[in-house]
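*Asks:* Listed below, chain by chain, are the residues.
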Amino acid sequence: MALLEIQGLSKHFGGLHVTADVDFTLDAGELHCLIGPNGAGKSTFFRLILGVVSPDRGKIVLAGKDITRLKPFQRVHEGMSVKFQVPGIFKTLSVSQNLQTALQHNCDADALAGKIAEMLDFLGLAAEARSPAGNLSHGQKQWLEIGMAVCLKPRLLLLDEPTAGMSPKETEATGELVKSLNAQGVTVLVVEHDMAFVRQVAQRVTVMHLGRIFAQGTVEEVMADSRVEAIYLGRSHA
Amino acid sequence: MTMNAVRRFFSLIEGPQTIGHGRPFWLGFALVVAVALVFPAFADGYTVGNTVYFLNSVFIALGLCLIWGYVGVLSFGQTAFFGIAGYSYAVLTINVGTAYGFTFAALALSVLAAALFATILGYFLFFSRINGVFLGIVTLSVTLVLERFMAQTSGPEWKIGTARLNGTNGINTMPPLTLPWSGGDFVFYPDPPLYYLVLALLLIVYLCLRILLNSRFGNVLVAIRENPERAEMLGYDIRKYQLGAFVIGAALAGLSGALYTAWGQYITPSSMGMTAAALPIVWVAVGGRSDITAAAIGTFIVLAVFQALTIYGNQYALVVMGALLVLTVLFMPDGLILSGAAKLGRITQTLRHRRSL
Chain U
1 MALLEIQGLS KHFGGLHVTA DVDFTLDAGE LHCLIGPNGA GKSTFFRLIL GVVSPDRGKI
61 VLAGKDITRL KPFQRVHEGM SVKFQVPGIF KTLSVSQNLQ TALQHNCDAD ALAGKIAEML
121 DFLGLAAEAR SPAGNLSHGQ KQWLEIGMAV CLKPRLLLLD EPTAGMSPKE TEATGELVKS
181 LNAQGVTVLV VEHDMAFVRQ VAQRVTVMHL GRIFAQGTVE EVMADSRVEA IYLGRSHA
Chain C
239 MTMNAVRRFF SLIEGPQTIG HGRPFWLGFA LVVAVALVFP AFADGYTVGN TVYFLNSVFI
299 ALGLCLIWGY VGVLSFGQTA FFGIAGYSYA VLTINVGTAY GFTFAALALS VLAAALFATI
359 LGYFLFFSRI NGVFLGIVTL SVTLVLERFM AQTSGPEWKI GTARLNGTNG INTMPPLTLP
419 WSGGDFVFYP DPPLYYLVLA LLLIVYLCLR ILLNSRFGNV LVAIRENPER AEMLGYDIRK
479 YQLGAFVIGA ALAGLSGALY TAWGQYITPS SMGMTAAALP IVWVAVGGRS DITAAAIGTF
539 IVLAVFQALT IYGNQYALVV MGALLVLTVL FMPDGLILSG AAKLGRITQT LRHRRSL
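Residue numbers (the numbering used here), protein chains in the order written: chain U, 1 to 238; chain C, 239 to 595.
Excised from the complex, chain U in its bound form (with noise of 0.2 Å):
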């Protein structure tokens, strides 16, 4: 069953067609990439996903209710969540802090505590729970800030370059842990660079190039495309 679809969506800035008529459904439960080279239009499909850009013509629909016309914080509470580039996270704000302005939403005082405590597990953070979210090492700030998108329990979860400046070590911890969460039933979002992360992690591959979807498929037979590698080395504007 499809949990988001997007009909014929359009984005011009001036004269360029940043995204050009996409259409793109995602299943829900599935673990999804969006590749692309640098320029091709991920960035602003992502945002017009969140509602942080209007589209210009197309349609957004969640989980059978259309979503085009909502403000950002309204598609949130449709249960769509997301992990942004740079981290997110509130930085002279307490780890638990952080996570508690994530959780306080759906849960009362006596609760708040135990599930504070279980995310910081969760997360490993749970010896920096009292320090400030900013005195966190870069991994760990991008962990937070997933674990906050977490917290709000979102049936789509969408992770912009989840592991932008990681190690390949914290890279890899980061997979596993886009994994467990998408093994729990959340549908995940991911447009990454990084393609060792994708082999890692993604179960189907859609690619973008000048703002149009180019390529879809498992992660294999994307791979395969000779097309795709032609995009990524510059070859071919096709």
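In case anyone wonders, no lab produced these hints; they're calculated from the structure.
Just so you know, these numbers come straight off a predicted model, no measurement behind them.
Please note that a few of the clues may not be correct.
[As the list claims (entries may be wrong)] Covered stretches of chain U, as calculated for chain C (at least 3 residues, CB under 8 Å):
#1 55 to 69
#2 73 to 79
#3 101 to 114
Backbone N, C-alpha and C fix where the C-beta goes; we use that ideal spot for every residue, glycine too.
Since the structure of chain U is provided, determine the placement of chain C on it from the hints.
*Replies:* Same frame as chain U, now just chain C:
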């Protein structure tokens, strides 16, 4: 049972969003309150009157601290709300008089007028996503426009009911706060009764703000200051939170304005001028904008120093204020009181650590 209630109360007023917790802080707090309570017995009327003025100003500073320090919105609008409430108090009491304790109703209505104006202004600002320096410019403009407007109301046609607005001369015929009493009206003037009233209000406001800031609402306010985009993508309609804090801050500025007018029986357009708009920024920045305790103490101290400078014939008091702001921003961006408190915290922690070794 009572022990539990006490513990519950302290869990509400303590938290990560405000400095000061545990027995030492609250003992110190009780000491300060005790000193404040007996102070009028040992001071002359003039000094008590001045202190009322300092305490009055702490409300506007707390409001600014809330919206600037906690939500990250630098607003010059506080002065406009101060003036609106001050003029409202003047116009209402001149028209209706002091019967049946109406002056207290006028005090409440003036605060409400300021809050209402802030709701309308804030709605257009926050729901149009005006932020940062632009919000500062718009709020400063509003303040200065109000000052200009009130300054040109000297003609006899500018009156509301029986209250003449008097242009730059302002209004000075309003009654002080008055309670009807069996043996004749109880007037909050001369100073000690007004002093106790303002002190009580200040304590209530301070404790209520501590509760508010350490609540879930306060947590979201600080989150918005730190990263508005992230806060929104956790499902918060940040515009509503910003507006809420802006209106509470405005109400506090209004309380300052109405109390100031009742205290001095005097309000002029210059209370909404450029200087008046800049001073609360100095008070709050010097104390420490990201904590209400620091901002309150800072405001009180800076005002007392400012007053001393002015009284002893120093024409440069405002220049000193400006220099103080610049020095604070350069060398102690967190503010004097807040930096001091942080240092104190580190020292006690080290001592405790040593003792445990």
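*Asks:* Against the structure, test the hints numbered earlier, and report the numbers of the ones violated in rising order.
*Replies:* 1
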